[in-house]
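Residue numbers (the numbering used here), protein chains in the order written: chain A, 1 to 149; chain B, 1 to 149.
Just to be clear, a hint being listed does not mean it is correct.
As the list claims (entries may be wrong) - Estimated spans, in silico, between C-beta atoms of each pair: (1) B:L80 / A:K4: 23 to 29 Å; (2) A:R81 / B:G85: 47 to 53 Å; (3) B:P9 / A:D38: 38 to 44 Å; (4) A:E95 / B:E95: 15 to 21 Å; (5) B:D77 / A:R86: 44 to 50 Å; (6) A:E84 / B:P58: 46 to 52 Å; (7) B:Q105 / A:D77: 16 to 22 Å.
What the hints assert, rightly or not - Covered stretches of chain B, going by a simulated chain A footprint (3 or more residues, C-beta under 8 Å): (8) 21-31; (9) 54-66; (10) 119-128.
Calculated from the structure, these hints are not laboratory results.
A quick note: this is a predicted structure, and the numbers were derived from the prediction, not measured.
Backbone N, C-alpha and C fix where the C-beta goes; we use that ideal spot for every residue, glycine too.
Protein chains: 2
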Amino acid sequence: MRAKDLAVPFPTIALDAPVLEAARLLAGHNLPGLIVVDAAGRPVAVLPGTQVLRLVIPGYCREDPTLARMIDEPSADVFLRGAEGRSVAELLPREQPGPPVVEPQATVLEVAAVMAQKRSPLVAVAARGAAVTGGITLDALLDRMLGTA
Amino acid sequence: MRAKDLAVPFPTIALDAPVLEAARLLAGHNLPGLIVVDAAGRPVAVLPGTQVLRLVIPGYCREDPTLARMIDEPSADVFLRGAEGRSVAELLPREQPGPPVVEPQATVLEVAAVMAQKRSPLVAVAARGAAVTGGITLDALLDRMLGTA
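Sequences are here, hints too, so could you generate the full structure?
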């Protein structure tokens with residue numbers, strides 16, 4: 001059992017795609033994150049789902065969430081206005097210590113170790129220097145490790 | 001629209017529950033994490049899904065995942081042996097800066113701000129000092145903010 005056997009087709013998103021497209025992909029497919037790719041389809045990062053919220057929430061609310069209680073306008077409006085004109089590239093954390101990527105030949109335990117180390121419930125599968133061929137979620141990995149799938 | 005309207009019944013797990021029970025809950029329900037509760041059902045922490053992997057992976061593999069490629073025994077055996085006799089309490093990060101919890105009256109934007117601040121795709125809903133009444137996932141929140149639900 002290798003990474004290529006566990007991987008499933010997984011939505012990717014371009015660095016210059018709009019934030020709103022990322023949010024819609026996440027919401028529509030119940031995904032733990034998105035694989036961000038460059039123009040050649042190579043993995044650049046895994047975007048955690050919670051990261052899409054950071055841009056669209058006013059800074060003072062991020063620091064003290066109870067202040068958000070004071071805002072009585074519909075949250076959808078706040079979200080859409082915050083996302084407008086922003087790209088996925090702006091959502092990525094500044095310090096990128098290498099994205100969670102495994103090669104197709106990686107063992108199940110290796111995939112688990114990468115997830116644990118990067119604290120990412122999603123890893124991309126790609127050969128070195130090549131385009132993404134799929135993704136592995138924590139859920140799929142646990143199913144395999146626990147023998148429930 | 002308040003947190004209590006967004007919250008759905010969500011599995012909780014006790015601090016002294018076995019790690020294997022946590023892993024099975026996560027895998028069986030495709031959850032982004034688990035709400036950890038004390039004996040009175042009050043929220044203590046939210047356990048990110050990836051955290052269950054940390055205990056069961058040998059330390060040298062966590063630091064250098066490529067070393068995991070050398071282990072040729074079935075990964076299920078490694079997992080089960082690593083989880084044996086361990087409790088959920090051992091999985092929680094040492095530094096707990098307060099769990100992602102909102103009160104039932106919290107606004108949607110407040111829930112979003114807590115998720116963003118704690119980088120947690122799951123928040124527990126509980127009145128101050130009371131038991132957990134439900135959970136809100138990032139997925140459900142995005143559906144609401146984007147108007148797709």
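Hints versus structure:
A hinted range of 23 to 29 Å for the beta carbons of B:L80 and A:K4 is consistent with their spacing of about 24 Å. The hint said 47 to 53 Å for the Cβ distance between A:R81 and B:G85, and at roughly 52 Å that hint holds. Hint check: B:P9 to A:D38, Cβ distance near 42 Å, so the stated range 38 to 44 Å holds. Between A:E95 and B:E95 the Cβ separation comes to about 18 Å, which falls inside the hinted range of 15 to 21 Å.
Under the hint 44 to 50 Å, the C-beta atoms of B:D77 and A:R86, about 46 Å apart, fit the expected range. In this structure the hint that A:E84 and B:P58 lie 46 to 52 Å apart at CB holds, the actual value being about 47 Å. The given range of 16 to 22 Å is respected by B:Q105 and A:D77, whose C-beta atoms sit roughly 21 Å from each other. A count of 6 residues in the segment 21-31 of chain B with a Cβ less than 8 Å from any Cβ of chain A is obtained; the coverage claim is therefore met, three being the minimum.
Counting residues of the segment 54-66 of chain B whose CB falls under 8 Å from any CB of chain A gives 8; the rule of at least 3 is met. Evaluation of the coverage hint for the segment 119-128 of chain B: fulfilled, as 3 residues show C-beta separations to chain A shorter than 8 Å, against a requirement of three.
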